[in-house]
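Residue 4 in numbering that gives the first Met the number 0 sits at position 5 of the sequence shown, with consecutive numbering throughout.
These are calculated hints, taken from the structure and not from any lab test.
The calculated label-pair distances, taken between Cβ atoms and stated as ranges, are:
(1) Asp25 to Ser130: 33 to 41 Å
(2) Ile173 to Arg125: 13 to 21 Å
(3) Ala113 to Val210: 35 to 43 Å
(4) Gly181 to Asn222: 30 to 38 Å
(5) Val175 to Arg220: 18 to 26 Å
A virtual CB, placed ideally from N, CA and C, is assigned to each residue, including glycine.
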Amino acid sequence: MLSVDDRSVHYGRNAALERFSMHAADGEIVAVLGGNGAGKTSLLKAIAGVQPCASGRLRLDGVDITRARASARVRAGISLVPEGRRILITMTVEENLLMGAFARREARGADLEAVYARFPNLERRRHMSASVLSGGEQQMLAIGRALMARPRLILLDEPSLGLSPLLQTEVFKIIVRLNREGAAIVLVEQNVHKALACAHRVYVLELGRQVASGTAEEIKRNNLLQEAYLGRAKAA
Numbered sequence: 000m001l002s003v004d005d006r007s008v009h010y011g012r013n014a015a016l017e018r019f020s021m022h023a024a025d026g027e028i029v030a031v032l033g034g035n036g037a038g039k040t041s042l043l044k045a046i047a048g049v050q051p052c053a054s055g056r057l058r059l060d061g062v063d064i065t066r067a068r069a070s071a072r073v074r075a076g077i078s079l080v081p082e083g084r085r086i087l088i089t090m091t092v093e094e095n096l097l098m099g100a101f102a103r104r105e106a107r108g109a110d111l112e113a114v115y116a117r118f119p120n121l122e123r124r125r126h127m128s129a130s131v132l133s134g135g136e137q138q139m140l141a142i143g144r145a146l147m148a149r150p151r152l153i154l155l156d157e158p159s160l161g162l163s164p165l166l167q168t169e170v171f172k173i174i175v176r177l178n179r180e181g182a183a184i185v186l187v188e189q190n191v192h193k194a195l196a197c198a199h200r201v202y203v204l205e206l207g208r209q210v211a212s213g214t215a216e217e218i219k220r221n222n223l224l225q226e227a228y229l230g231r232a233k234a235a
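Just need the whole structure built from these sequences, with the hints factored in.
Dropping the structure here:
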């Protein structure tokens with residue numbers, strides 16, 4: 000489905016991502032792990048088209064989309080759920096959801112109802128300001144907004160950040176459910192245990208460079224790797 004080939008992202012003279020390559024197949028959850036400043040968010044922004052790249056190529060289903068605008072990538076089936084959720088608190092819940100369908104021209108009523116069926120709390124607050132939502136509800140709104148684009152590939156940037164352990168568990172249940180329903184997922188996540196528990200394959204970044212990749216089980220068994228790059232996380 001998605002192929003990232005030798006992508007580099009620079010901020011001035013500083014390299015946030017250097018010649019990174021990865022692949023995400025249909026039906027996969029691919030986790031990208033690493034410490035702060037490893038380049039994880041820059042990777043997702045580059046895939047979504049909201050961060051320019053210094054070099055490399057990007058393909059979706061074999062089609063080169065390296066120079067495609069962010070809106071074109073959304074229409075092609077890529078949706079980003081950004082770190083910090085980035086909902087628009089001056090707008091209602093429903094207005095936020097409709098923003099996720101900006102690239103579509105067809106009727107959106109059925110998609111709204113599907114999101115509300117998935118997240119009943121959002122339906123109860125559909126005409127309220129998004130500012131009244133709890134942190135967990137804001138994350139549901141950010142995911143629902145991405146779903147309004149009917150994505151085949153969902154990019155999730157730190158979806159459990161700032162949530163209680165109970166809500167983190169709920170978010171990961173949603174991620175697994177979305178994947179089982181057919182969405183491929185690229186997941187950047189600080190909770191290494193939960194990311195490894197749901198991912199099929201894993202890439203590990205350090206200071207913008209790939210230092211390891213493999214199945215989730217292979218990464219779990221590599222104690223040296225976990226101690227060096229994943230905060231001494233033990234296998235789940």
